[in-house]
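Protein chains: 2
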Amino acid sequence: MNIILFEEKELNDGHVLLRDHRAKHIVKILQTGLGDFVRVGAINGKIGSGKVLAIKSKYPFEVELLVDLGKSPASPPSIDLLLALPRPIMLKRILSQVTALGIGTIYLINANRVEKSFWDAGILKEEEYRPHLFHGLEQAVDTRLPKIEMYHHFRPFVEDHLPELISKYQSCVIAHPDSKKSLAPCLAKERGKVLYAIGPEGGWVDFEIEQFLNAGLQPFSIGPRILKVDTAVVSIHGRISHELER
Amino acid sequence: MNIILFEEKELNDGHVLLRDHRAKHIVKILQTGLGDFVRVGAINGKIGSGKVLAIKSKYPFEVELLVDLGKSPASPPSIDLLLALPRPIMLKRILSQVTALGIGTIYLINANRVEKSFWDAGILKEEEYRPHLFHGLEQAVDTRLPKIEMYHHFRPFVEDHLPELISKYQSCVIAHPDSKKSLAPCLAKERGKVLYAIGPEGGWVDFEIEQFLNAGLQPFSIGPRILKVDTAVVSIHGRISHELER
Numbered sequence: 277m278n279i280i281l282f283e284e285k286e287l288n289d290g291h292v293l294l295r296d297h298r299a300k301h302i303v304k305i306l307q308t309g310l311g312d313f314v315r316v317g318a319i320n321g322k323i324g325s326g327k328v329l330a331i332k333s334k335y336p337f338e339v340e341l342l343v344d345l346g347k348s349p350a351s352p353p354s355i356d357l358l359l360a361l362p363r364p365i366m367l368k369r370i371l372s373q374v375t376a377l378g379i380g381t382i383y384l385i386n387a388n389r390v391e392k393s394f395w396d397a398g399i400l401k402e403e404e405y406r407p408h409l410f411h412g413l414e415q416a417v418d419t420r421l422p423k424i425e426m427y428h429h430f431r432p433f434v435e436d437h438l439p440e441l442i443s444k445y446q447s448c449v450i451a452h453p454d455s456k457k458s459l460a461p462c463l464a465k466e467r468g469k470v471l472y473a474i475g476p477e478g479g480w481v482d483f484e485i486e487q488f489l490n491a492g493l494q495p496f497s498i499g500p501r502i503l504k505v506d507t508a509v510v511s512i513h514g515r516i517s518h519e520l521e522r
Numbered sequence: 277m278n279i280i281l282f283e284e285k286e287l288n289d290g291h292v293l294l295r296d297h298r299a300k301h302i303v304k305i306l307q308t309g310l311g312d313f314v315r316v317g318a319i320n321g322k323i324g325s326g327k328v329l330a331i332k333s334k335y336p337f338e339v340e341l342l343v344d345l346g347k348s349p350a351s352p353p354s355i356d357l358l359l360a361l362p363r364p365i366m367l368k369r370i371l372s373q374v375t376a377l378g379i380g381t382i383y384l385i386n387a388n389r390v391e392k393s394f395w396d397a398g399i400l401k402e403e404e405y406r407p408h409l410f411h412g413l414e415q416a417v418d419t420r421l422p423k424i425e426m427y428h429h430f431r432p433f434v435e436d437h438l439p440e441l442i443s444k445y446q447s448c449v450i451a452h453p454d455s456k457k458s459l460a461p462c463l464a465k466e467r468g469k470v471l472y473a474i475g476p477e478g479g480w481v482d483f484e485i486e487q488f489l490n491a492g493l494q495p496f497s498i499g500p501r502i503l504k505v506d507t508a509v510v511s512i513h514g515r516i517s518h519e520l521e522r
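Line order of the protein sequences matches chains U and V. The letter at position 167 of the first sequence is residue 443 when you use this note's numbering, and the numbering goes up by one with no holes. The letter at position 152 of the second sequence is residue 428 when you use this note's numbering, and the numbering goes up by one with no holes.
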């Protein structure tokens, strides 16, 4: 936890009272004392410092901070992810990892090779996935909570949402092992926002790929190696970031 | 498991008898029958097909294959990793992920912020880390087992091994948040082999960075976001691969 995050509604006249794992972290890991400062941030807001005004260093832990926010977080991520819903345990890891790497919106969609039961997973409830996004922000020292959108049906997503969605991006790319093109030539010369799509374990089926290509996504391959979805998501995020920073 | 791997010594006049998780995988997941073919590969050798000659589809599973090897695996990875020993659970994930992504050698070294107890972890025994490398190869359809080298002491490593080691690479880079340079200008224009170094949680200490810079490693930053070691390892592997493929 490289920053202590709180929600706007927790702020009371410049004071925040922490009573959960954040208080425990300040007491046990940071070992902060009265009058010390910790790095704090308001969700979707600014970053600053919190002065420890009161501390209860035995269970149940409690820390009162006087916060002073002034700094904007790192520039907003220019990468969004379109992801065929992966298995719950993998989704958790992906959510915190891409949040740490920097992601604006994660679109979770259905696909032929997505197991139906994945859509019943508890992790798809906001109260269950939010902590994983928080972990990512706390790791990366960011305050901007990624947006999560879910589309339980492939066809309505592709027909009703995708056309408008891709109009928001300078580049829309889809990892597809059969493509002869590498990533770089698939990204628009003008930088700006990038949407990248990663399929389910076993890949998209032909019909799905066809729909994406018709919609204008550019297929790219990163070579013959077959990667797990979480490895592909992180590795390709790195590739796109690298290209955008060139 | 996208390929069934076996060791040279398991090969008996073109036949391989499987009696472990590989047999189970063929029976339960691939649901292969008599006379069917599965993709096989010899560790550090070639890739081909295995014809199912005999199968015992109840526990204990058993599959006999007649193998025909002819194809070389994907080109050998041109990236090596120098890694401050991470906590065991993270190391497992990193080993299989970088093996899947393609890595030649992983140098595990000590650093000031490496917890001493990590060096006692079971995962550092060959019989315990090999399965994680195998997972990576089975995922990526590769047969080339990465080499693992361990250096329990930082100073002897830097003084006695590093100079010779870096002479084998066209580019040696080290992730260092304080650097003003991005990755691309730190990589040599002539492609070839790249060594990238990733520090422990909390980073290298000044003395260590100094030693690496003196030895000739180029420090680069990927921006202000602080990443977990496993995320950094995979994401930066993606960045380097992308740059090498340009």
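Check before you lean on any hint, since a few could be wrong.
Given that identical chains are not distinguished, each listed pair holds provided it fits within a single copy or across any two copies.
Claimed, not checked - Taking lysine-lysine and the DSS-like style, the derived pairs with C-alpha atoms no more than 25 Å apart in a straight line are:
#1 K332 with K457
#2 K423 with K504
#3 K504 with K347
#4 K322 with K504
#5 K504 with K304
Calculated directly from the structure, the hints in this document are not laboratory data.
Please list, smallest to largest, the hint numbers that this structure does not respect. Number 1 only.
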